[in-house]
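*Asks:* Residues per chain, in single letters:
2 protein chains.
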Amino acid sequence: MEFDDVYFMRQAIREAVKAYEADEVPVGAVVVSNNQIIARGHNLTEQLHDVTAHAEMQAITAASHYLGAKYLPHCTLYVTLEPCSMCAGALFWTQMGRIVYGASDEKRGFTTMGGQFHPKTQVTIGVEAEVCADLMTEFFRSKRKK
Amino acid sequence: MEFDDVYFMRQAIREAVKAYEADEVPVGAVVVSNNQIIARGHNLTEQLHDVTAHAEMQAITAASHYLGAKYLPHCTLYVTLEPCSMCAGALFWTQMGRIVYGASDEKRGFTTMGGQFHPKTQVTIGVEAEVCADLMTEFFRSKRKK
Chain A
23 MEFDDVYFMR QAIREAVKAY EADEVPVGAV VVSNNQIIAR GHNLTEQLHD VTAHAEMQAI
83 TAASHYLGAK YLPHCTLYVT LEPCSMCAGA LFWTQMGRIV YGASDEKRGF TTMGGQFHPK
143 TQVTIGVEAE VCADLMTEFF RSKRKK
Chain B
23 MEFDDVYFMR QAIREAVKAY EADEVPVGAV VVSNNQIIAR GHNLTEQLHD VTAHAEMQAI
83 TAASHYLGAK YLPHCTLYVT LEPCSMCAGA LFWTQMGRIV YGASDEKRGF TTMGGQFHPK
143 TQVTIGVEAE VCADLMTEFF RSKRKK
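So the protein sequences, as listed, match chains A and B.
Quick note: to get the numbering used here, add 22 to the position in the first sequence (first position is 1).
Quick note: to get the numbering used here, add 22 to the position in the second sequence (first position is 1).
These are computed hints drawn from the structure, not numbers from a lab.
Where hints are given, some of them may not hold.
Because identical chains share one entry, a pair is satisfied inside a single copy or across any pair of copies.
What the hints assert, rightly or not - Derived SDA-like pairs: lysine to any residue, alpha-carbon spacing no greater than 20 Å straight-line:
| hint | residue 1 | residue 2 |
| --- | --- | --- |
| 1 | Lys92 | Glu128 |
| 2 | Lys92 | Arg130 |
| 3 | Lys92 | Tyr42 |
| 4 | Lys40 | Val145 |
| 5 | Lys165 | Asn56 |
| 6 | Lys142 | Gln33 |
| 7 | Lys167 | Ser126 |
| 8 | Lys129 | Phe139 |
| 9 | Lys40 | Glu68 |
| 10 | Lys40 | Val28 |
| 11 | Lys167 | Pro141 |
| 12 | Lys92 | Ala75 |
| 13 | Lys40 | Gln117 |
| 14 | Lys129 | Pro141 |
| 15 | Lys40 | Arg120 |
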């Protein structure tokens, strides 16, 4: 098993599936440091009645708690969906070393709604994008059927 | 005692002073519903080693918890400083009814860094702005002296 971007994105997808199964918009994230997952998160906004409970926010808080540090320049965040303005803003503050996201979010992603990552952050887009996007499409299709 | 914008902003300033006394960047917030403060928050990023622990984020989470609702269209958030992109993004998701902020933040505020409030949100700027800004100035001046 190679610990590459596809491997870690699939771990983020596992988190997204947990959200899906809990009837939450299926977004998942993991934070990696030295090839090791130090934090996981999935969307919990419905369960917690809290808009701030996005996957990235929980993964950031968990990673910071694990490291005892609020800056994460040596970490990589993998997330299944393009971050929103809130999450992009949080990632800016962390000075996250690298951000890898799967599917783009043309409606609510930060590239549409505004915001930016830290200028030092490396960014990779589109890893396992189809799987990430399909999860979202399937979730909203099943919602409409109800 | 009149429950007006100045009254509630002064309550947010009391929160900011708590942050100041804890050696945190002095920003404070309160959420008001039906003329009643239902949530308070002040910046805790240093204490919690967590960039997401801004005053507004904590006040949003507390208000949502109090009301058992993730949307807050009938609430007003008072905050001493212009929200950053992260907090503006969170406020967007809450559909906050009204946002009142004191001092502008030309460097890190969302009007500079990107992001937006919800289109239905009413916005009032500059209430007790001088007190709010002075707290920030004094904080950074004392930091430089150390």
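*Asks:* Please sort lysine 92 with arginine 130 into within, between, both or neither, judging by C-alpha distance up to 20 Å.
*Replies:* between (26 Å within a copy, 17 Å between copies)
*Asks:* Given a CA cutoff of 20 Å, do lysine 40 and valine 145 count as a within-copy pair, a between-copy pair, both, or neither?
*Replies:* neither (25 Å within a copy, 37 Å between copies)
*Asks:* Could you place lysine 92 and tyrosine 42 in one of the four classes (within, between, both, neither) given a Cα distance threshold of 20 Å?
*Replies:* between (29 Å within a copy, 19 Å between copies)
*Asks:* Can you give me the call for lysine 92 and alanine 75, within, between, both or neither, at a CA distance of at most 20 Å?
*Replies:* So lysine 92 and alanine 75 pass the 20 Å test inside a copy (18 Å) and across (10 Å) alike.
*Asks:* What label fits lysine 167 with proline 141 when the C-alpha limit is 20 Å: within, between, both, or neither?
*Replies:* neither (42 Å within a copy, 29 Å between copies)
*Asks:* Please sort lysine 165 with asparagine 56 into within, between, both or neither, judging by C-alpha distance up to 20 Å.
*Replies:* Result: close neither inside a copy nor across copies, 39 Å intra and 34 Å inter.
*Asks:* Give the relationship of lysine 129 and phenylalanine 139 under a CA distance limit of 20 Å: within one copy only, between copies only, both, or neither.
*Replies:* Cα proximity of lysine 129 and phenylalanine 139: in one copy and across copies (18 Å, 15 Å).
*Asks:* For lysine 142 vs glutamine 33, is the C-alpha pair at or below 20 Å within one copy, between two copies, both, or neither?
*Replies:* neither (25 Å within a copy, 37 Å between copies)
*Asks:* How would you label the pair lysine 92, glutamate 128 (within, between, both, or neither) given a Cα cut-off of 20 Å?
*Replies:* Intra 29 Å, inter 23 Å, cutoff 20 Å: neither.
*Asks:* My question is about lysine 40 and glutamine 117: at a cut-off of 20 Å on alpha-carbon distance, are they close within one copy, between copies, both, or neither?
*Replies:* neither (27 Å within a copy, 26 Å between copies)
*Asks:* Is the C-alpha distance from lysine 40 to valine 28 at most 20 Å within one copy, between copies, in both cases, or in neither?
*Replies:* within (18 Å within a copy, 45 Å between copies)
*Asks:* Give the relationship of lysine 129 and proline 141 under a CA distance limit of 20 Å: within one copy only, between copies only, both, or neither.
*Replies:* between (23 Å within a copy, 15 Å between copies)
The structure shown violates the earlier hints numbered 1, 4, 5, 6, 7, 11, 13, 15.
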